[in-house]
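Peer 1: Here are the chains, one letter per residue:
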Amino acid sequence: MVDALTPSAWLLAFEQALLYPALAPLLVGWVRKVRARLQNRRGASVLQPYRELRKLLFKEARVAHSASPLFRAAPSVVFVATWLAAATVPLLTIDLPIAVVADIIVLAGLLALARVFLALAGMDVGTAFGGMGASREMMIAALAEPAMLMAVFTLAMTAHSTNLGSVIAQHLGDAFILRPSYLFAFAGLTLVALAETGRIPVDNPTTHLELTMVHESMVLEYSGRHLALMEWAAQIKLLLYGVLVANIFFPWGIATDPALLSLAIGLGAILLKLAVLGAALAVAETVLAKMRLFRVPAFLNLALLLALLGLLSHVILEVGA
Amino acid sequence: MRIEIALSIAGLAVALALGSAAVSLLAARFPKVVRFVAMPLTGLCGVTAILAGLSALSSGGVATATLPLGLPWLPWHLRIDALAGFFLLLIGLVTSAIGLYGPAYVRGLEQGRDSLVALGGFTGLFLAGMLLVVLADDAFLFMIAWEVMSLASYFLVAFQHDQAANRRAAFLYLLMAHIGGLSILLGFGVLASFGDGFSFASMRAAELSSIWASLTFGLVFLGFGMKAGLVPLHAWLPEAHPAAPSYISALMSGVMLKVAVYGFIRVVFDLIGDVQWTWGMAVLAIGSLSAFTGALFALMQTDLKRLLAYSSVENLGIVFIALGLALIFIGTGHRQPGAIAFVAALYHALNHALFKGLLFLGAGSILHSTHERDLEQMGGLLRRMPWTGLFFLIGCLSIAALPPFNGFVSEWLTFQAALQAWQLESGVMRSLIPIATAVLALTGALVAATFVKVYGIAFLGQARSRHVRRARPGPWGIRAGQGLLAVLCVLLGLFPTLVIGLIDAVPRQLLGLGLPEAGSRGWLWLVPDAFEAASYSAPLVTLLLIAIAVVVVWGLHQVGVRRVRRCDAWDCGFAPPTSRMQYTATAFAQPVRRVFALLFRVEEGQVARDGGGMRHQIKIGDRSWDRLYLPLAALVDGAARRVVRLQSGNVRVYLGSTLATLLVLLWIVSA
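Sequence lines, in order, name chains A and B.
Residue numbering for the first sequence follows this note's numbering, beginning at 1 and increasing consecutively.
Residue numbering for the second sequence follows this note's numbering, beginning at 1 and increasing consecutively.
Honestly, the hints are just simulated from the structure, not real lab data.
C-beta: ideal position from N, C-alpha, C; glycine also.
There may be inaccurate statements among the hints.
To be verified - Simulated coverage check for chain B against chain A, where a stretch passes if three residues somewhere in it have a Cβ under 8 Å from a Cβ of chain A:
{"hint": "1", "segment": "445-459"}
{"hint": "2", "segment": "528-535"}
What the hints assert, rightly or not - FRET-style restraints, in silico, Cβ to Cβ:
{"hint": "3", "chain 1": "A", "residue 1": "VAL276", "chain 2": "B", "residue 2": "GLU604", "range": "46 to 54 Å"}
{"hint": "4", "chain 1": "B", "residue 1": "GLU604", "chain 2": "A", "residue 2": "ALA280", "range": "38 to 46 Å"}
{"hint": "5", "chain 1": "A", "residue 1": "GLU60", "chain 2": "B", "residue 2": "VAL602", "range": "41 to 49 Å"}
Between the sequences and the hints, there should be enough to build the whole structure, so can you do that?
Peer 2: Rendered as structure tokens:
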């Protein structure tokens, strides 16, 4: 783990980091496609999100007269912070120097940084929708963040490390035993992931102009490449949570050495896992209805309780054993 | 040799503070003396305190001195060591910024009716009191300095005493400061009776049984906790801090609360000596309660300075969570994680001094430019006061514990310490620490919401009132004071390993071990325990963030249309939004208020206006008032009424009761 601070390891980390923005639209396209099929529609191509990003990037950006410099800086901050957060999550291999630079707590911190700038940008122009979205986003985050940290702390305490690479390595090294703490943490983290990425029971990424929306109302004033960055960041965040859930709880297939073959296996494994997770997400979004805003706290309390149960069952049942 | 010099420099700092107080006496005749002499002396006092602190920390030794002052058989003792040096540094940093900030701020008061003699004089005394508390080496001088600090700050809270609310706040502050002071005095009394003397050296040598030690701990925790504003003893804090002038608020909130932390550390970790883990549980519980309640109430406030005061309750809660963890770990014999938690507490205390100082100075400069404290009237200040806007943003990001700013480092360390809970033997403790961690995480997220609200409402959007629309940036001194603290916030976030290398002297001297691994990988990496387990590289995170940002911005300039066109806000095609259509601070906090409705006392309703219209009114109250303070006040009131019966006005009854008292005393003495 520690000796991974070599130039080749950094190169690998760099390539892996590039995979995140490259793959993120594909995951979104895949979820949309599956959902369309489940709803008896044919749906757009899985490549459609790429086309949308391209279209936005080539359009002129418009900025309100009342916007401050923060409005124009925010998309870059949000995108960069989300991307860096994603880059710390092992995608193909666990031998990553970046995991030593930033651990799980930093990952949560970077996501919080992105969220704060997203909410500030929403309030910047001074419209009612922006403030509404920012207020709701911060309320959801206030309840989701402890749940997320509790879930990852369960794993960190098991591995005695907050380094994501070590956590996954520890889980890989274990014989296959069903730890109750992992089960609870998995459930908690999944619920958090739904809330944090703005998926259906909490927020609806495809609606516009509804009073129920959260993410959309914060980015309502954006256009052109600013909007492209915001949307892209949201897609990367979805991928980040997908990889986090997939690789922490189902780490099989991830490369433990930098050989080309094992990296290829790692890529295949993660694509397979993400395809399954994406399909599950599509099914959930088809079956579930969006909740009222004030049902969300109950949903997130459930996540927090599950994560806390996971942590407690770890410290009580598993530490001494 | 060097540590003796540090003590002399610290003495010089006290002298400068007293000098600034003395000079201010001339302000009745020459009002400008505060601006041109007293405030620069204050700044100089800050710089000397920094120098004293730095040399004490870097030498790591101990120096003592006996003053030819005090009572004949009880001269005053001074002592400087790493712990005192750290707090001198903390006081000095904020004081220096105030030395820059103060003159321009005081200028606005020169025309007013408020007495500059009182302002300048008590500021100097206040500073001298705080410096002496840190330097005192016997309970006698400690209590005198403590009272000087409390009384001087009382007069500063009561500075603008023509407002009834300020007088009330000052009285409440005085009352609670004295209950706290009494409790500390009793704690010292127990230690002195076992240690055979009032000097700290003899208290350190005292052997206390565990019950007496616990009693002393309880007394000093009550006393220092009251000063630090821990829930449920925090009620004076949100009243007193907003009442004082803004840079005094910065001193009270950023520094004076830390002096209480200093006192707690000095007595519990140094004087009592053998800590017990049960104390840690109490501190952890109270700290968690304070952190959560403070964060929640801060989010509900619409008065900017009151909001910042509640946020101090929350931050001191975090400091005490870390101290509680340190007590638990040390009390159960796990010294290494204890040292991590201890360093986390110190780091957070320092960070809070910097960013809370910065935010209060920012609130002061808004007040200076707009005469407005109410968030609901602000808006769009970023374009009118760009520098204050930038510095305030840094303060908000720091206090919200976002990487790569300084607040994140101390929160990261606290989490790292809490994650060592698996080492503990007792299952109860192992399961309570994670719950405290969950509270800490929830607090962090609430704080982020609070400061998004503050920044979004005050600095972004459109101005909500005419005087805010006309705001102008403050004079350069006001901006420089904030700039200094903002730069420090960034530096402490970027180079945590260097800072920890410096403050490591404190746990090494006090606990006997520091964080040997902290800088084991060079200044680039911060390693609390082992490199395999956890590490954080703030410089690299920042570097990566900047590098990626440069690449992204450059890449965007290569593709597509570069032009950005200005237009009206879209707002879903409604008419151009006016400032009345923006979300307000109350509206922003409404979802959280609804989620945690049970914890507030909310009075919501319609009030008829004079003009025939209706007005929606909402009042959010603190439940500790009607649950704790009002019953207590009623109890005291009732007891006082009973005592009144003694005052019959009849001399014979008084003489009779005197005789009875003497007889009882005689019986006790002879028995």
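Peer 1: All the hints need checking, so say for each whether the structure fits it.
Peer 2: Now the hints, each set against the structure:
1. Evaluation of the coverage hint for the segment 445-459 of chain B: fulfilled, as 11 residues show C-beta separations to chain A shorter than 8 Å, against a requirement of three.
2. Counting residues of the segment 528-535 of chain B whose CB falls under 8 Å from any CB of chain A gives 5; the rule of at least 3 is met.
3. Between A:VAL276 and B:GLU604, the C-beta spacing of about 48 Å keeps the proposed range 46 to 54 Å intact.
4. For the pair B:GLU604 and A:ALA280, the supplied restraint of 38 to 46 Å holds, since their beta-carbon distance comes to about 43 Å.
5. Against the hinted window of 41 to 49 Å, the Cβ-Cβ separation of A:GLU60 and B:VAL602 comes to about 47 Å, which satisfies the hint.
Of the numbered hints given earlier, the model fails none.
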